[in-house]
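Novice: Chains W and R supply the protein sequences, listed in that same order. By our numbering, the letter at position 113 of the first sequence is numbered 113, and the numbering carries on one by one without gaps. By our numbering, the letter at position 104 of the second sequence is numbered 104, and the numbering carries on one by one without gaps.
In short, the hints are calculated from the structure, not lab data. Accuracy of the hints is not assured; some may be wrong.
Derived CB-CB ranges, DEER-like [said to hold, decoys possible]: (1) R:Tyr49 to W:Thr115: 37 to 43 Å; (2) W:Leu68 to R:Ala17: 25 to 31 Å; (3) R:Arg60 to W:Glu103: 34 to 40 Å; (4) R:Glu5 to W:Tyr102: 17 to 23 Å; (5) W:Asp65 to R:Arg77: 27 to 33 Å; (6) W:Pro8 to R:Glu57: 36 to 42 Å; (7) R:Lys70 to W:Thr115: 40 to 46 Å; (8) R:Pro81 to W:Tyr102: 27 to 33 Å; (9) R:Arg41 to W:Ser83: 41 to 47 Å; (10) W:Ser9 to R:Gly96: 17 to 23 Å.
Calculated cross-link-like contacts (lysine-lysine; reagent style DSS-like; alpha-carbon spacing at most 27 Å) [said to hold, decoys possible]: (11) W:Lys64 to R:Lys56; (12) W:Lys41 to W:Lys14; (13) W:Lys64 to R:Lys70; (14) W:Lys66 to W:Lys20; (15) W:Lys64 to R:Lys67; (16) R:Lys109 to W:Lys55.
Predicted model only: the values in this text are computed from it and were never measured. Cβ atoms here follow ideal geometry from the backbone N, Cα and C, with glycine treated the same way.
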Amino acid sequence: GAVVSQHPSWVICKSGTSVKIECRSLDFQATTMFWYRQFPKQSLMLMATSNEGSKATYEQGVEKDKFLINHASLTLSTLTVTSAHPEDSSFYICSASTRSSYEQYFGPGTRLTVT
Amino acid sequence: QKEVEQDPGPLSVPEGAIVSLNCTYSNSAFQYFMWYRQYSRKGPELLMYTYSSGNKEDGRFTAQVDKSSKYISLFIRDSQPSDSATYLCAILKYSGAGSYQLTFGKGTKLSVIP
């Protein structure tokens, strides 16, 4: 149980285009979803937290107009990187948790390469 | 000062060795401490968590917290090549509205050589 999937697993896009990444909880209802970014040899950095049906809360330094997060249902959250640039190339990982639970279940990650 | 500090390594040990992975944290109010394992290009998976000081054992893995020195450790006994991965420590904080947030260390890359 507690499986989280991400799609796509790897995407290459051209500079200036937008990319959407999906995060799904397959066998549980995720009241809260988190989006992280991980650069090579670096730790996971929390970008934003989203509760179902509410606007996402972004961490300091994360541009909310560039990284659009939607958590429209209890099983799906999406991250859209708008007008992507090469410096946005990174490993994006989502996680999901249920209400009042401390445990986060992580997806397998999406590798974004912007050329 | 970062909330969680972890030596990124890399750390290379022979098969069967005892591995010690360590982190320090800054805020004595933190109460939950987590260890995650991350294989290359995969998401992290929770290995163990501890609450308060002391040891917690699960098979070959032991998590230890020393709150007086703000030091957390993960020990792996009889290490195996399949243990080769990056190990991340994390602290768990309550962020309000029934939600918890994780703050991760940099991760230590471990290689167990057959």
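Novice: Each hint should be assessed against the structure and marked as holding or not.
Specialist: We went through each hint and held it up to the structure:
Taking 37 to 43 Å as the suggested C-beta distance range, the pair Tyr49 (chain R) and Thr115 (chain W) conforms, at roughly 40 Å. Taking the beta carbon of each, Leu68 (chain W) and Ala17 (chain R) are about 47 Å apart, not inside 25 to 31 Å as hinted. A hinted range of 34 to 40 Å for the beta carbons of Arg60 (chain R) and Glu103 (chain W) is inconsistent with their spacing of about 22 Å. Hint check: Glu5 (chain R) to Tyr102 (chain W), Cβ distance near 22 Å, so the stated range 17 to 23 Å holds.
Separation of Asp65 (chain W) from Arg77 (chain R) is about 49 Å and departs from the stated range, judged on CB atoms against 27 to 33 Å. In this structure the supplied range 36 to 42 Å holds for Pro8 (chain W) paired with Glu57 (chain R), their Cβ-Cβ distance being about 39 Å. The supplied range of 40 to 46 Å is met by Lys70 (chain R) and Thr115 (chain W), whose beta-carbon atoms lie about 43 Å from each other. For Pro81 (chain R) and Tyr102 (chain W), the Cβ-Cβ distance of about 31 Å falls inside the hinted range of 27 to 33 Å, so the restraint holds.
At roughly 26 Å, the beta carbons of Arg41 (chain R) and Ser83 (chain W) sit outside the given window of 41 to 47 Å. Separated by about 33 Å at the C-beta atoms, Ser9 (chain W) and Gly96 (chain R) break the suggested range of 17 to 23 Å. The straight-line distance between the Cα atoms of Lys64 (chain W) and Lys56 (chain R) is roughly 40 Å, outside the 27 Å bound, and the hint therefore fails. Under the criterion of a C-alpha separation no larger than 27 Å, the hint pairing Lys41 (chain W) with Lys14 (chain W) is consistent with the structure, at around 24 Å.
Taking the CA atoms of Lys64 (chain W) and Lys70 (chain R), the gap is near 34 Å; set against the 27 Å cutoff, the hint is violated. Taking the CA atoms of Lys66 (chain W) and Lys20 (chain W), the gap is near 12 Å; set against the 27 Å cutoff, the hint holds. With a C-alpha separation of about 37 Å, the suggested pair Lys64 (chain W) and Lys67 (chain R) falls outside the 27 Å cut-off, and the hint is violated. The hinted pair formed by Lys109 (chain R) and Lys55 (chain W) fails the criterion: a straight-line CA distance of about 36 Å is larger than 27 Å.
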